[in-house]
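Given next are the chains, with one letter for each unit.
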Amino acid sequence: MLQVNNINVYYGKIHAVKDISFHVDSGEIVSLIGANGAGKSTIIHTISGLLRSKTGNIQFLGKDISKTEAHKLVYQGLAHVPEGRRIFLEMTVMENLEMGAYSQGKVNTNDIADVFERFPRLKERQKQIAGTLSGGEQQMLAIGRALMSHPKLLMLDEPSMGLAPLLVEQIFHIIQELNQAGTTVLLVEQNAEMALQIANRAYVLESGHVVLSGTGKELMESDRIRKAYLGG
Amino acid sequence: MNFLMSLITNLISGLSLGSIYALIALGYTMVYGIAKMLNFAHGDIIMVGAFAVIVSVTSLGLPPVAAILISVVVCVVLGVAIERIAYKPLREASPLAVLITAIGVSYFLQSLALIIFGSNQYSFPKIMTFSSITLGGLTLNGETLTTLIVTTILMIALSLFIGKTRIGKAMRAVSEDKGAAELMGISVNKTIAVTFAIGSALAAVAGLFYGTTYGFINPYTGAMPGIKAFVAAVFGGIGSIPGAMLGGILLGVIENLSKAYISTELSDAIVFAVLIIVLIVRPIGLLGKKTNEKV
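Top to bottom, those sequences are chains X and R. Counting with my numbering, you get residues 44 to 275 for the letters of the first sequence. Counting with my numbering, you get residues 21 to 315 for the letters of the second sequence.
By construction, these hints were calculated from the structure, which means they are not laboratory data.
List time: in silico DSSO-like cross-link candidates among lysine-lysine, alpha-carbon distance up to 30 Å:
1. X:Lys195 to R:Lys210
2. R:Lys210 to R:Lys56
3. X:Lys149 to X:Lys106
4. R:Lys210 to R:Lys184
5. R:Lys184 to X:Lys115
6. R:Lys198 to X:Lys115
7. R:Lys309 to X:Lys170
Can you make the complete structure from the sequences, with help from the hints?
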């Protein structure tokens, strides 16, 4: 479904992503794990077209998207839940969902009902300004907003960031449910334990390189990963 | 009683003048909110709009409605073209470079008008003639009332557009977070173009009322209302649409009351003094929002 081939991405002079290749197959959950600054978010931003790679290419559903403008990708079935959620804080919960459906033209009330069924808290707060929501509710809104575009591939950047453990469990459970319902997931996480638990496969990044890859289970059992990311 | 009558009359003509400022200020504030730039050429769009009316009516002999439509179309095309040619290539440039470019565009428009029309005053055609209305000893100028009514309708329509429509909501999304808006499938470039189009259309209407109110137009006509509308936008809180409306209207009322009761010569000084005081007390303007610092 997604094939990333030899991308190199720079922030000014900083070489943030060094010759990285990986792929995501249809139906999978793939996790990119690594410490802060390892290049995980940069990769996701490059896939969504907010940053550009100097080399290589990115194929999505068989098409080269490495030069496609960011706002056109959502029409092809790619949704990105950005780090820090980046919901529209001054708009209502409902308006945020409507913006999520922007690529669909008209807002489908069934889609809204689906999101509300998955996230009942959002239904209660649909008329509230999004800035008044709690962190967990904001993350739910960010995911709900992305679902409004009917993504084939859902990319989530640090969905657990700043959330209490119980909420993290809840969010990861929802990600698994979405995957079971047919959405392919690319997950970027610092919370390696959770990310590996639900992943079919994962890639480990260190200072812009892929240093390890394998199934979630393999990586959880690897000594190197246990020492560096899982606290023993 | 006489004082009360004159106060009400001055207040209403102040509201009318202020609503013209508000129309112009909306263009400044919307462009600032969405493109994060100060479009100092915005005032000169008013002048171009007014000249478009003069040429349509005086030289081409067209009926008023056609002249107004032509003026709006000319301003919209000009506004969008300015954005496309002068500002879009500078999207990633420093704010200072954009600001200087905007000032350059302003001088360009003035000079172009100077070449075409010369520096003479042109009298603005009387395309709106309305009889005065007398209400219990109070005589209200027909043009003043029309200005007030039309601008109020436009401001309500704009608020509904921004608040309720898909494009209006997309504009708010872009103004809050360009990157996130792109991820929703919203084209930031198209949204900015739409914003310039709306702002320029409002400027054309402002030009029409400004010409009607003062009766004369020259290539520099846009500069002063442009500056005052900019002041009004800052006064109300730049980036805030209700702020631009409130700022414009207050500015017009203060200006008119100063002219009537203090001094015509000092009225502009008083207007700017009020701005300075407001900004000292409340630097973000009356209805401005504190900018969220990105962590």
